[in-house]
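Protein chains: 2
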Amino acid sequence: MKRFEALAADIATSIRDGLLKPGDRLPSVRQASAGRHVSPATVFEAYYLLEARGLIRSRPRSGYYVVDKPRRLPAEPETASTPDSQARPVQISSMVFDILRSAMTRDVVPLGSAFPSPLLFPLEKLGRVLANSATHMDPWSTVDDLTPGSLELRRQIALRYVLDGVHIDPGDILVTNGAMEALNLCLSAVCDPGDAVIVESPCFYVCLQALERLGLHAVEVATDPREGIDLAALERAFQQRRPKACWLMTNFQNPLGSAMSDDKKRALAELVARYRVPLIEDDVYNELYFGSRRPALTKAFDADGWVLHCSSFSKTLAPGYRVGWVTPGRFAARIAQHKLTLSLATSVPVQLALARYLERGSYERHLRVLRSTLEAQRDDYTEAIAQYFPAGTRVSRPGGGYFLWVELPASTDALDLRQRAVASGVSLAPGPMFSASRGFGNFIRVNFGHPLDKRALEGIRQVGRLARRG
Amino acid sequence: MKRFEALAADIATSIRDGLLKPGDRLPSVRQASAGRHVSPATVFEAYYLLEARGLIRSRPRSGYYVVDKPRRLPAEPETASTPDSQARPVQISSMVFDILRSAMTRDVVPLGSAFPSPLLFPLEKLGRVLANSATHMDPWSTVDDLTPGSLELRRQIALRYVLDGVHIDPGDILVTNGAMEALNLCLSAVCDPGDAVIVESPCFYVCLQALERLGLHAVEVATDPREGIDLAALERAFQQRRPKACWLMTNFQNPLGSAMSDDKKRALAELVARYRVPLIEDDVYNELYFGSRRPALTKAFDADGWVLHCSSFSKTLAPGYRVGWVTPGRFAARIAQHKLTLSLATSVPVQLALARYLERGSYERHLRVLRSTLEAQRDDYTEAIAQYFPAGTRVSRPGGGYFLWVELPASTDALDLRQRAVASGVSLAPGPMFSASRGFGNFIRVNFGHPLDKRALEGIRQVGRLARRG
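One line per chain: the protein sequences are L and X, in this order.
Position 400 of the first sequence, counted from 1, bears residue number 400 in UniProt numbering, the numbering being contiguous throughout.
Position 56 of the second sequence, counted from 1, bears residue number 56 in UniProt numbering, the numbering being contiguous throughout.
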């Protein structure tokens with residue numbers, strides 16, 4: 001973040017926190033320059049950025065004022081999806097790869113990226129912990145800490161659940177190469193090619209790609225943009241499609257941001273046990289909540305081991321370290337065998353470093369900062385979209401994670417919009433990536449995991465312009 | 001290694017190097033104790049161990065002498081295997097897991113283990129390099145160095161090939177979670193369930209387990225214990241079984257220790273190109289040669305990209321780090337997509353550390369020590385087996401790696417022997433683990449990757465006793 005962006009972020013926080021109230025006059029450029037020990041140009045650029053974001057307004061020959069209108073939030077997407085619940089082979093991977101390829105370069109404004117900014121994570125501190133544990137590693141741990149993984153790390157993972165009243169035994173946890181390997185292990189352990197698997201509508205494209213790679217059929221089930229999958233529709237699909245698994249994100253679903261209530265999770269756990277359908281619970285955003293407490297896991301209500309709960313440290317602590325885990329319930333033996341024959345184990349020095357960081361580090365403090373940063377960025381992005389996108393645009397208001405689900409006017413073609421956006425240096429994730437039936441043609445997913453700096457704001461303005469022209 | 005074992009190893013080296021010649025008298029226990037600054041008990045235990053290994057002999061009231069007979073090498077297994085070349089579904093995994101489970105504890109003498117001693121590797125030095133690179137890691141590398149992997153690491157890998165005259169472009173290399181993930185990616189990229197895959201007879205059980213997990217059928221092809229797979233038999237199998245892939249270990253095959261000549265590799269590369277059958281070349285022992293030069297890769301003769309070459313650092317430098325790679329030839333795009341949807345990427349800090357170690361470290365020096373240690377251990381184990389196993393036992397004489405393939409008298413039941421050995425604290429890898437048709441009933445694979453200390457020697461004596469009892 002450049003100096004002027006840091007200053008703008010600081011002032012934006014003061015406005016959000018009410019230290020600066022609507023109508024308040026900001027210090028003059030000269031005053032602020034002296035007071036903040038920055039150049040007048042820096043102050044000027046910061047004020048310009050805040051003005052572009054709609055937070056302050058200049059009055060000629062008078063100065064800059066905090067805008068007096070309350071910041072209005074756009075409406076949320078309302079309607080639950082209505083997929084046809086057919087079981088169909090998935091053919092989406094090549095479109096997804098085409099789109100991802102254009103998002104993988106640093107030059108592009110990462111609105112379509114799946115990753116938050118790596119600068120949000122304590123990578124330097126983690127590096128020091130990794131340094132310490134790598135230089136003191138017992139050589140025999142390279143054998144002992146192979147699958148199911150370092151006992152110390154599994155203890156630390158279990159401990160975090162215990163703090164929230166969920167009893168998971170360290171012996172029930174298996175460490176994997178990120179949640180993605182965990183999810184794939186679950187799928188291939190409970191399904192054979194041609195089997196039907198229930199997914200949300202919309203759902204994370206990696207889930208669809210996994211189904212495609214394994215030759216599985218997707219059954220898309222109606223999903224509410226706030227409350228997650230429709231349990232009545234899910235039960236009908238159980239009866240009609242005889243699926244071998246369902247893969248759901250119960251907390252801060254990607255892309256919707258929906259979260260299921262505790263009661264709904266309890267009912268979900270009962271439903272999958274009743275129909276004996278393994279539930280693969282993809283719960284990687286669980287720790288990124290903006291509310292007062294960590295949301296429940298469906299796993300917490302799983303009496304008979306039908307829930308395979310998967311998570312990771314990639315979104316919360318250690319991107320690029322590739323450490324995740326699965327608590328596979330009744331499928332534990334099979335999952336362990338698949339892991340052993342698929343990749344043997346997860347990198348041992350990295351496991352040991354994470355265990356040590358969790359034991360001694362400041363994970364809670366880091367998470368608190370991360371959550372409030374993401375929450376503030378959600379508001380920043382929401383407001384920018386409200387300001388620059390076409391009238392009638394609806395934006396989700398997720399209680400965690402770092403994705404907005406944006407419903408553009410019905411006439412918008414998100415695939416076309418994405419192509420024009422990429423041509424002007426902005427990546428987008430269009431709705432059809434998130435659906436085996438390629439629905440959601442006027443939706444995009446917007447990543448708010450990067451600070452809304454000048455470039456990102458410019459990206460949003462640009463997409464807004466393109467969408468209006470669309 | 002305990003003090004007396006280190007002393008014994010030192011004296012054994014002097015005998016092997018000819019500094020101590022047959023008939024030479026060793027220093028008395030008192031002399032050696034004073035000269036070596038160790039206790040008399042240590043010298044006594046060392047002499048006892050050398051006597052048990054058949055290297056020295058005590059003469060009453062006279063002292064210890066280097067044995068004067070030349071050390072005799074046992075005969076090698078001679079006959080190439082004669083499998084029936086049927087395509088059959090594989091059902092071996094649960095037997096293999098039963099056997100591996102009993103070998104996974106430190107209490108057991110690891111004759112049946114698949115891993116060499118972790119003490120053979122520069123883990124402390126690697127830890128320091130990892131420390132350094134982790135604390136200076138560019139946060140954006142957690143995004144940039146995802147699949148296909150760190151360019152710096154891929155450059156270093158390519159450079160090692162170039163040194164041997166093999167041109168592999170860094171852009172053709174994809175970093176994986178160990179060779180095992182690489183091999184699995186290759187299999188699933190080129191095969192569908194029900195397809196036939198050619199394997200050696202015998203072959204590494206992990207290959208069979210991968211086939212079983214993916215629902216593939218194994219076609220076992222005759223393999224010579226010294227020169228590897230029979231190319232005429234391979235060509236017949238191509239014609240008769242229409243396989244979708246073959247998975248071969250061309251250098252120091254596990255379990256045989258066989259190695260294909262350059263000419264044979266060239267012919268193999270031509271054969272697979274002619275029949276358009278992808279060759280998955282599992283080449284993890286390539287760097288562990290005892291001869292004067294690194295053996296060739298079949299990949300070096302691959303003009304049209306039909307060879308998918310897989311290797312790793314797990315056996316040569318960094319066990320437990322889980323870093324391998326694949327050079328997938330014409331299947332590059334598909335393999336990259338599978339890797340992205342299977343596990344996204346390989347741990348970034350670990351990739352960066354290996355790149356830095358290769359660039360600055362003392363890899364060559366470490367490898368030279370490792371190779372000569374393994375070669376000496378091969379001789380130690382071979383002699384101990386010759387001394388304690390039943391008459392008529394044949395032992396392979398591999399030019400690299402760390403496995404002996406031991407043919408016991410025809411009446412031996414290796415599965416039964418293994419069970420009795422485990423009961424007395426020694427793990428074994430019985431022949432039937434290495435074959436979809438469960439052949440090789442009187443063979444065992446012996447790991448010589450651990451020093452032949454007192455415990456290992458006692459383990460070999462014990463297996464010899466059990467085998468004699470039959």
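Any given hint could turn out to be false.
Repeated chains share a single entry, so a pair holds when one copy, or any two copies, can fit it.
Unchecked claim - With a cut-off of at most 25 Å between alpha-carbon atoms, the simulated DMTMM-like pairs for lysine to aspartate or glutamate come out as follows: (1) K2 with D144; (2) K2 with D138; (3) K21 with D172; (4) K454 with D144; (5) K454 with D138; (6) K125 with E152; (7) K264 with D17; (8) K264 with D84; (9) K244 with D195; (10) K264 with E359; (11) K125 with D138; (12) K125 with D172; (13) K244 with D192; (14) K244 with E76.
Think of the hints as simulated: they come from the structure by calculation, not from any bench.
We went through each hint and held it up to the structure:
{"no.": "1", "hint": "K2 with D144", "result": "between (46 Å within a copy, 21 Å between copies)"}
{"no.": "2", "hint": "K2 with D138", "result": "between (43 Å within a copy, 17 Å between copies)"}
{"no.": "3", "hint": "K21 with D172", "result": "neither (52 Å within a copy, 58 Å between copies)"}
{"no.": "4", "hint": "K454 with D144", "result": "between (49 Å within a copy, 23 Å between copies)"}
{"no.": "5", "hint": "K454 with D138", "result": "between (48 Å within a copy, 22 Å between copies)"}
{"no.": "6", "hint": "K125 with E152", "result": "both (19 Å within a copy, 23 Å between copies)"}
{"no.": "7", "hint": "K264 with D17", "result": "neither (34 Å within a copy, 75 Å between copies)"}
{"no.": "8", "hint": "K264 with D84", "result": "within (23 Å within a copy, 57 Å between copies)"}
{"no.": "9", "hint": "K244 with D195", "result": "both (6 Å within a copy, 23 Å between copies)"}
{"no.": "10", "hint": "K264 with E359", "result": "neither (33 Å within a copy, 55 Å between copies)"}
{"no.": "11", "hint": "K125 with D138", "result": "both (22 Å within a copy, 13 Å between copies)"}
{"no.": "12", "hint": "K125 with D172", "result": "neither (29 Å within a copy, 34 Å between copies)"}
{"no.": "13", "hint": "K244 with D192", "result": "both (8 Å within a copy, 20 Å between copies)"}
{"no.": "14", "hint": "K244 with E76", "result": "neither (33 Å within a copy, 51 Å between copies)"}
Of the hints listed earlier, those the structure fails to meet are numbers 3, 7, 10, 12, 14, in rising order.
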